[in-house]
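Undergrad: For the protein sequence lines, the chains are A and B, in the order given.
Counting from 1, one number per residue, gives the positions in the first sequence under my numbering.
Counting from 1, one number per residue, gives the positions in the second sequence under my numbering.
None of these hints come from the bench; they were simulated from the model.
Among the hints, erroneous ones may be present.
Unchecked claim - Using 25 Å as the maximum straight-line C-alpha spacing, the simulated DMTMM-like pairs for lysine to aspartate or glutamate come out as follows:
1. A:2 / B:123
2. A:59 / B:102
3. B:90 / A:68
4. B:126 / A:83
5. B:16 / A:41
6. B:90 / A:86
7. B:59 / A:73
8. B:62 / A:15
9. B:21 / B:34
10. B:16 / A:23
11. A:40 / B:102
12. A:77 / B:34
13. B:62 / A:63
14. B:21 / A:83
15. B:95 / B:123
16. B:21 / A:73
17. A:40 / B:34
18. B:21 / A:41
19. B:59 / A:9
20. B:16 / A:60
21. A:59 / B:65
22. B:62 / A:73
23. B:59 / A:91
24. A:59 / B:100
25. A:77 / B:65
26. B:126 / A:73
27. B:90 / A:73
28. B:95 / A:83
29. B:5 / A:68
30. B:95 / A:41
31. B:21 / A:60
What the hints assert, rightly or not - Examples of chain A residues toward chain B, derived with CB under 10 Å:
32. 2
33. 6
34. 8
35. 11
36. 13
37. 15
38. 16
39. 17
40. 18
All figures in this text were calculated on a predicted structure; none of them were measured in a lab.
Don't be surprised by glycine CBs; every beta carbon is placed ideally from N, CA and C.
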Amino acid sequence: MKLAVFVSDYRMTVDTLDRLSPEKMGIILVQNGVYHATLKENGTPSALLNKSAEFYALKEDLETRGLDASNVDSKVKVITLGDVVDLIFNDYEKTAWI
Amino acid sequence: MATTKLGFIVQRPPYKSENPKLALTHAIATQSVEVYLNEGDTVTADIAFIGDGVLNCKKDQKAMDYYGLTSTEQHIKMALLVDINIWVCKEDVEKFGLSEDDLVLDAEEFGADMTVNVVPYSEISKKMEEMNHLLFF
Numbered sequence: 001m002k003l004a005v006f007v008s009d010y011r012m013t014v015d016t017l018d019r020l021s022p023e024k025m026g027i028i029l030v031q032n033g034v035y036h037a038t039l040k041e042n043g044t045p046s047a048l049l050n051k052s053a054e055f056y057a058l059k060e061d062l063e064t065r066g067l068d069a070s071n072v073d074s075k076v077k078v079i080t081l082g083d084v085v086d087l088i089f090n091d092y093e094k095t096a097w098i
Numbered sequence: 001m002a003t004t005k006l007g008f009i010v011q012r013p014p015y016k017s018e019n020p021k022l023a024l025t026h027a028i029a030t031q032s033v034e035v036y037l038n039e040g041d042t043v044t045a046d047i048a049f050i051g052d053g054v055l056n057c058k059k060d061q062k063a064m065d066y067y068g069l070t071s072t073e074q075h076i077k078m079a080l081l082v083d084i085n086i087w088v089c090k091e092d093v094e095k096f097g098l099s100e101d102d103l104v105l106d107a108e109e110f111g112a113d114m115t116v117n118v119v120p121y122s123e124i125s126k127k128m129e130e131m132n133h134l135l136f137f
């Protein structure tokens with residue numbers, strides 16, 4: 001299964017993401033999830049970025065929060081809402097929001 | 001005659017929930033509460049951003065451009081304009097790899113005299129002890 005997972009929180013209170021093991025996983029960072037792409041707490045990038053997945057961060061939600069695309073971790077591709085639609089229709093069979 | 005001191009403590013990041021903005025709007029609203037008080041009584045409000053709450057203070061927020069929302073940055077500037085004390089935890093700012101240059105520190109364009117104070121948590125803790133009521137958002 002090709003699964004796109006929307007992550008919308010910075011502090012994760014569930015471990016659902018750890019239990020998912022699709023053939024292909026895309027993690028789309030939206031809303032407060034975009035902090036995973038930019039913040040380095042005590043110099044360490046988010047542990048979320050260590051997962052085996054393709055990472056995307058929504059440009060609109062980054063800039064809403066005053067975050068600059070140039071500060072996004074190199075593992076993460078900055079995308080627009082239009083790109084999210086393309087990913088859902090072209091690259092992934094199912095989506096989940098956690 | 002008495003002064004009631006309210007301390008609004010913001011510990012959540014912006015936008016995902018209404019909490020941080022509610023803290024700001026409630027604090028700003030204290031400016032107009034005097035009509036409901038006895039003569040001579042006053043209410044003051046201070047706001048402190050701690051933990052993930054310091055992310056509210058990131059400057060260059062473009063919420064209006066993308067979502068038609070007044071940004072939390074604008075709310076902070078409005079709070080400065082009505083002379084509300086704003087404290088930001090220095091340790092938490094640094095923990096996220098941010099510096100004062102990354103934060104909204106004043107509202108000069110609106111003519112506000114107040115500025116945001118980036119201070120150690122120990123100073124915020126002292127301020128909290130001075131408050132009559134603490135409200136956590």
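Undergrad: So, for every hint listed, does it hold in this structure?
TA: Evaluation of the provided hints:
no. : hint         : in the structure
1   : A:2 / B:123  : 50 Å, violated
2   : A:59 / B:102 : 18 Å, holds
3   : B:90 / A:68  : 21 Å, holds
4   : B:126 / A:83 : 48 Å, violated
5   : B:16 / A:41  : 20 Å, holds
6   : B:90 / A:86  : 41 Å, violated
7   : B:59 / A:73  : 20 Å, holds
8   : B:62 / A:15  : 31 Å, violated
9   : B:21 / B:34  : 22 Å, holds
10  : B:16 / A:23  : 30 Å, violated
11  : A:40 / B:102 : 14 Å, holds
12  : A:77 / B:34  : 51 Å, violated
13  : B:62 / A:63  : 6 Å, holds
14  : B:21 / A:83  : 30 Å, violated
15  : B:95 / B:123 : 17 Å, holds
16  : B:21 / A:73  : 28 Å, violated
17  : A:40 / B:34  : 44 Å, violated
18  : B:21 / A:41  : 24 Å, holds
19  : B:59 / A:9   : 20 Å, holds
20  : B:16 / A:60  : 14 Å, holds
21  : A:59 / B:65  : 12 Å, holds
22  : B:62 / A:73  : 21 Å, holds
23  : B:59 / A:91  : 35 Å, violated
24  : A:59 / B:100 : 24 Å, holds
25  : A:77 / B:65  : 21 Å, holds
26  : B:126 / A:73 : 37 Å, violated
27  : B:90 / A:73  : 24 Å, holds
28  : B:95 / A:83  : 32 Å, violated
29  : B:5 / A:68   : 37 Å, violated
30  : B:95 / A:41  : 5 Å, holds
31  : B:21 / A:60  : 19 Å, holds
32  : 2            : 27 Å, violated
33  : 6            : 13 Å, violated
34  : 8            : 7 Å, holds
35  : 11           : 7 Å, holds
36  : 13           : 13 Å, violated
37  : 15           : 19 Å, violated
38  : 16           : 17 Å, violated
39  : 17           : 17 Å, violated
40  : 18           : 21 Å, violated
Consistency note: the structure conflicts with the earlier hints numbered 1, 4, 6, 8, 10, 12, 14, 16, 17, 23, 26, 28, 29, 32, 33, 36, 37, 38, 39 and 40.
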